[in-house]
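**Student:** Line by line, the protein sequences are chains A and B.
By my numbering, the letter at position 37 of the first sequence is numbered 37, and the numbering carries on one by one without gaps.
Every number in my numbering is 116 more than the matching position in the second sequence, counting from 1.
Any given hint could be a false lead.
[Stated by the list, open to error] To give an idea of the interface, some chain B residues facing chain A are shown, with a C-beta separation under 7 Å as derived from the structure:
| hint | residue |
| --- | --- |
| 1 | 154 |
| 2 | 155 |
| 3 | 157 |
| 4 | 159 |
| 5 | 186 |
| 6 | 218 |
| 7 | 220 |
| 8 | 223 |
| 9 | 226 |
| 10 | 227 |
Hints were generated in silico from the structure; no laboratory data involved.
Beta carbons: idealized from backbone N, C-alpha and C, even for Gly.
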Amino acid sequence: AQKVTQAQTEISVVEKEDVTLDCVYETRDTTYYLFWYKQPPSGELVFLIRRNSFDEQNEISGRYSWNFQKSTSSFNFTITASQVVDSAVYFCALRNYTGANSKLTFGKGITLSVRP
Amino acid sequence: NAGVTQTPKFRILKIGQSMTLQCAQDMNHNYMYWYRQDPGMGLKLIYYSVGAGITDKGEVPNGYNVSRSTTEDFPLRLELAAPSQTSVYFCASSYPEVNTEAFFGQGTRLTVV
C-alpha cells in the first residue's frame, strides 16, 4: 500500500521568511511519481510540480524549489522569501503504477500562513 | 477551457435524503476520481474509474455509489445522507500514465443536517 505523510499540520511565518514543507512517502513500487498541489483559500486545487522516481535532480522555479531524496523517501518543498499570497494548504501526493490502475494518494496537507 | 466541471457548488441535505453530485470533463481523460476533503484529513479517495463502464472502490466508499456510462461523466450518488457525509467533494480526471497530474473540479460543499 502507498502512503504519504505530511507531519507538519500548520506553519506560520512572517513575510520574506523561507519555509520548507516536508513530505515523506511509502511505496513498494519502483516506478512512481510525486506531486505537490496548492489549495488557496478559494478552494481549488492547483498542480505545482511532479517528479519521477528515477530523477533525483532538485528543481528550482522562481521562489519555489523541491528536494527529492529517494534514500529518505522525502520530497520537500521550499518557498524562498515567502509572500502573503503563498498562504494556502499544500498537499503532497504519490501516484504509482499498480497493474492496470494508477491512483493518486494524498497526504493530509500543510496549512501555511504567511503574515505581513 | 472548461476542464472538470462539478455541480452543484453548495448543497444542504437533510438526513436520509438522496442526491447526485455531477462531474463532467472535456479533456478526454480515461481516469476519473471522487475525493472527499475533511478538515485536517487531506483528500480521501471514494471511488475511481479507469474508463467508461469500469469503476472501483477507493479508501472510503461506504454510503456512495458511482457509474461511468461515458468517458465525460462520472456522477457520485449519495443514497441515504448522513451527517458523516458532510464534507467538500472533489472530482478529478487524468490520463492513465503515471506521470500525469490530475485536474480537479472546483468542489462541492455538502452539508447534511
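**Student:** For the hint on residue 227 of chain B, just tell me whether its beta-carbon gets within less than 7 Å of chain A.
**Tutor:** At 15 Å from the nearest chain A Cβ, residue 227 of chain B fails the 7 Å test, so the hint is violated.
**Student:** Measuring from the C-beta of residue 157 of chain B to each C-beta in chain A, is the shortest one below 7 Å?
**Tutor:** It holds, given that the least Cβ distance between residue 157 of chain B and chain A is near 6 Å, below 7 Å.
**Student:** Does the closest beta carbon of chain A sit nearer than 7 Å to the beta carbon of residue 220 of chain B?
**Tutor:** holds (4 Å)
**Student:** Taking the closest Cβ pair, is residue 186 of chain B under 7 Å from chain A?
**Tutor:** Given a least distance of 20 Å, the restraint on residue 186 of chain B is violated.
**Student:** Hint residue 226 of chain B vs chain A: min CB-CB distance below 7 Å?
**Tutor:** Since chain A brings no Cβ nearer than about 13 Å to residue 226 of chain B, farther than 7 Å, the hint is violated.
**Student:** Have a go at the residue 159 of chain B hint: is there a Cβ in chain A nearer than 7 Å to its own Cβ?
**Tutor:** Since the shortest Cβ distance to chain A is 4 Å, the answer is holds.
**Student:** Report holds or violated for the interface hint on residue 223 of chain B, using the least CB-CB distance to chain A and a cut-off of 7 Å.
**Tutor:** holds (5 Å)
**Student:** Quick check on residue 218 of chain B please, does its C-beta sit within 7 Å of some C-beta on chain A?
**Tutor:** Hint on residue 218 of chain B: holds, closest Cβ of chain A at ~5 Å, below 7 Å.
**Student:** Let me know if the C-beta of residue 155 of chain B comes in closer than 7 Å to any C-beta of chain A, holds or violated.
**Tutor:** Violated, about 10 Å.
**Student:** Just to be careful: measuring from the Cβ of residue 154 of chain B to every Cβ in chain A, is the smallest value less than 7 Å?
**Tutor:** Where the cut-off is 7 Å and the nearest Cβ of chain A is about 10 Å from residue 154 of chain B, the hint is violated.
Violation of the numbered hints given earlier is confined to hints 1, 2, 5, 9, 10; the remaining hints are satisfied by the structure.
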